Structures are given as C-alpha cells and as structure tokens.
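Residue strings, one per chain:
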Amino acid sequence: MSHTIRKIRVIFATQFAQMVEYRAEVIIWMLSGTLSLIMMLVWMAQAEGSPGGQVNGYSPAEFASYFLSTWFVSQLIVVWVTYELDFDIRQGQLSPKLMRPLDPFWIHYLGHLSERLFRLLPMLGLVTVFAWLSGARFTSDWRVYPAVFALAFLGFTARFLWEYTVGLLAFWTESSNAFHELLWLAYAALGGMFAPLSFYPVWVQNIAVWTPFPYMLGLPAQLLAGKATLEQATRGVLVLLAWLVIFAALRLLVWRTGLKKYGAVGA
Amino acid sequence: MTRYLRLMRIFIGATVAAQMEYRANFVGAVLASLGEVGVALLGISVLFFQPGTQTVGGWTFREALLVTGFFMLTEGFISVVVQPNMSRIAEAVRTGNMDFTLLKPIDAQFNVSTRYLNILRIPDLLIGLGLIIYAASGLTISAMGVLVAAVLYLSSLVIVYCIWLGLSTTAFWFVKTQNASELFNGIFGAARFPVTAFPVPIRFLLTFIVPVALITSVPAQAMTGQLTPVLAIASPLIAAALFIGTRLFWRKAVGSYTSASS
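Here the protein sequences line up with chains Y and A, keeping their order.
Just so we're aligned, residue 1 is where the first sequence starts under this note's numbering, counting upward by one.
Just so we're aligned, residue 1001 is where the second sequence starts under this note's numbering, counting upward by one.
Worth flagging that the hints you see were computed from the coordinates, not collected in a lab.
All values reported here derive from a predicted model rather than from experimental measurement.
Misleading hints may appear alongside valid ones.
[Said to hold, decoys possible] Going by beta-carbon spacing under 8 Å, a handful of chain A positions derived as facing chain Y:
1. Ala1024
2. Gly1035
3. Leu1041
4. Gly1043
5. Val1046
6. Val1056
7. Gly1130
8. Asn1179
9. Ile1187
10. Ala1190
11. Phe1198
Beta carbons: idealized from backbone N, C-alpha and C, even for Gly.
With the sequences and hints as input, model every part of the structure.
In structure tokens, the structure reads:
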C-alpha cells in the first residue's frame, strides 16, 4: 500500500514540475476556452434588450453568474488526454511507457490533476475580475462549495475516462481526435454551455438527464449561481458515480483489446 | 504573375496527391466539420428558441444564419488554406528548414502561404456556402448587395490571413506560435454571432481591436442592405493596412533570421 502511495506521490511531483514549466501556456489555454464567455455576453445583451429585462426568468446579472460558473467548472474538468494518447500510439511512444510497472493511465490522470492545482489560483483571480465587470453574484451558502468541487472532481474523472477510451481508438482508427470533437459537442450542448438546460426543448431535457453531461457542468454551475439545491447535488453525485463505473469498465475493456492489437512503430 | 499562378497550380497538385494517400482521414475530417457546424448552429438556435424572441441584436433568424454561414465559410478557409501553411512556419524556423524556403528564387512569403492545402476540410466551405444560400433564399437580397458582400468578404479573407501570418511570424523570435493561434481561435468564435448581439463595449472591441466583426457580420450586413457606409469603407481599409503591416513585419522577421545552427 505504502508502495503505491509513494509511486503516486513521485508521479504527481514530476507532473507538477512539468506543468510549472508550461505556466505561460496554462494561462493561454485557460483564456482560449471562451465559448461560455461568448454565450454569457450574448445572453446578457439579449436579456438587457428584452421587455422585462430578462429571458426565461434570468436577468443579465443571473446570466453572468451562470455562465461565469460554467466557465469556471469547464476549466476544472478540461481534458486533453485524447491528443496525448493519439500521439503516443501513432508515434510508438507508448512502448516505453508499457515497460513501467504501472498502467500509463495513472501518469496521464495525475498529470491532469496536478495541472488543475496549478490552474486554480489564476482561475479564481480571473473569475473575480470578470464577476466584478459583469455583476455576477455567487451563492453565500458555504455548503455549496464542497458540493461543487465534489461534482467537478467526479465529472472530471468521468470525462477523463471517456476521453481516454476515445484516445485508445487510435489503435484502430486515425480519426480518434474527430470522435473527441463530436463527443465534446454533446458535452457542451447537453452540459449547458450554450444555455441553461431549462432553455432547451423539453424532449432534449428528457434525453439529457440520462447522460452524465448536465451533472458535471450545468449542475455545479447552477449551484454556484444559487439556482440549484443540495438535494439535486446529492443526486448528481450518485448519477456521476454510476457513470464512472460504466466508463471505467469500458476503458479497461478497450485498453485490453487495444493492447493486443498494438504493434509499435517499427516492431 | 503568371509564374506565381503556375507555381500555385503545382503546389495544389502536389498536396492533393499527398493527401489522397490517406483516405481514412476523410471520415475524421467530415466528423470534425459536422462538429464545427453543430456548435455554430446550436449556439444560434438556442437563442431564437426562447419564447417571445424574434430577433437577436436586431437580426432575424434568417439574417443571423447568414452570419453563421460566413463564419463556417471562414472556418473552412482557415482549415483549408491558412492553418496548414501557417502552422508549418514555426516548425521550419525551429528545424532550420526555413533556409531552403528563403533560398528559393520566389517570394518567401508567397511560398510559405501557398505551399500546403488541406483539401479534406473542403466540406466546411460547402457547408458555409450552403448555409449562406439557404439563409439568403428567405430574404430579399439585391444583386448589388451580393456584389458588395463579395468584395467585403474578400477583405475579410485578407484580414484573417494577415492576423494568422502576423501571429505565425512571431515564430522567428518565440519558436512556438501554436498558443497564439489558439487564442485567436477563441476570440474568432465570437464571429459566429452578429456583432450587435454583444454588449456595446464588447462590440467596439470586436470591431476595431480584434476585427472579427468585420469578417462575418459586415459581409452579411452588405447582403441584407443594412450596411453603414463607415463600416463599408473601414473593412477594405483595415484589410489593406493589415496587409502592408504584416508584409513589413514578415520582411523584418526574415531579416533577423539566423538559421537554426548558426
């Protein structure tokens, strides 16, 4: 047991050191995920211009709270492992990683987690500035914050698992990055990046509740904006846990079959 | 001039031949195009889906769709022509391959800008054109409007090319430029909406600081006949200024280039 903990600590430390090296990039990556911010501005202008000063019960300030929250949460659950795996598999870089006495999965996972730690502080600074500029308000109920982080953590892990599975498709196809883009579209649409989920047609909402997407993005954002209850958060945690099990099993299955198929470049 | 046209034909032939080898990639490119247009259409539809919403920023659904069409067309232009070439500049500077480009008896900027084409993303262009034609079919549009829009859209393409070239040229000093273009893509995402859909201070920012509004909204306005003369003149002027500016910048960058090993 202590053996595993030491391994994890070492990997975490090296991955963190690597992220510190890319600190300027981390800031630029953060700023390039702008879809939530663009949607925020459009919806705010839309509410401003409508007769009652609001759309579907959202005032400009409430739109700002919701979309800044989705921005923050989406930054916490961002995953790029598909590209790394696609590269590793195509270039044969996977081979040396297979020699280690540990599933390469954990290196990528801990790498992402350490980057998150690094990202958190500048994120909070930016959210504060944007909130001040846009008039966004966040809930004062302190119990919401641990719930948000729990949902974000589970959402991140679930997303990491499915992105990892998509990345492993590089064993068979060259289009794994394209599959990643389509999945991202489903995540952004049903997660609530374009609009709060209640703005969608009812039949879309009925489909969305069966997917993990609304619970990992929209729900924590609603919690932060003071528009969701802790009961809903508890249900969200349970749904995400169920999806986590499914994705973990799927990842393992694809990994085992893919590895048999894998002949390194030059082998 | 004819020499450059002939060279372009040779370049295009060579890249098309190279890409036909990887036919499986076509599936991936089509999926990516579908994702692209999906994001653009979802973003605009969910705004108009709300009860009581007739216009967004003063644009009807059809008119806003016109902007989305121009956005997709420009995305296609970037993926087919601009990005494949510009992303290779940094690589060439880093490895020293830029030496060969500079030694060739043709203009180096022309060479780095036209050498590669990603024909797999041509569906983006078709989707964009399709959206524009569909949107226009439900609007009253004059032949004059189409003509002005076409001219203004040419300025748009020049602006896009210049911004990318300017960002990529920094590779002569910074080695890595991928992040800068990533940042541009993030801001360019705002161009999928009519510029008037944004709050006033942002509108100014998107028109004059990072001129993404000129790229999609202005040609669409020209088609619907809502164009103000100021913007009609500003667009080609900014394009021309940017072209001269990036040309000078490119010259300066090449002048300070000292190969990879020396």
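Against the structure, the hints come out as follows:
1. Ala1024: 5 Å, holds
2. Gly1035: Holds. Min distance 4 Å.
3. Leu1041: With a closest approach of 10 Å, the Leu1041 of chain A hint is violated.
4. Gly1043: Given a least distance of 5 Å, the restraint on Gly1043 of chain A holds.
5. Val1046: 5 Å, holds
6. Val1056: Holds - the Cβ of Val1056 of chain A comes within 8 Å of chain Y, reaching about 6 Å at its closest.
7. Gly1130: At 19 Å from the nearest chain Y Cβ, Gly1130 of chain A fails the 8 Å test, so the hint is violated.
8. Asn1179: Cβ of Asn1179 of chain A sits 4 Å from chain Y, so the hint holds.
9. Ile1187: 7 Å, holds
10. Ala1190: 5 Å, holds
11. Phe1198: With a minimum Cβ separation of about 5 Å from chain Y (threshold 8 Å), the hint on Phe1198 of chain A holds.
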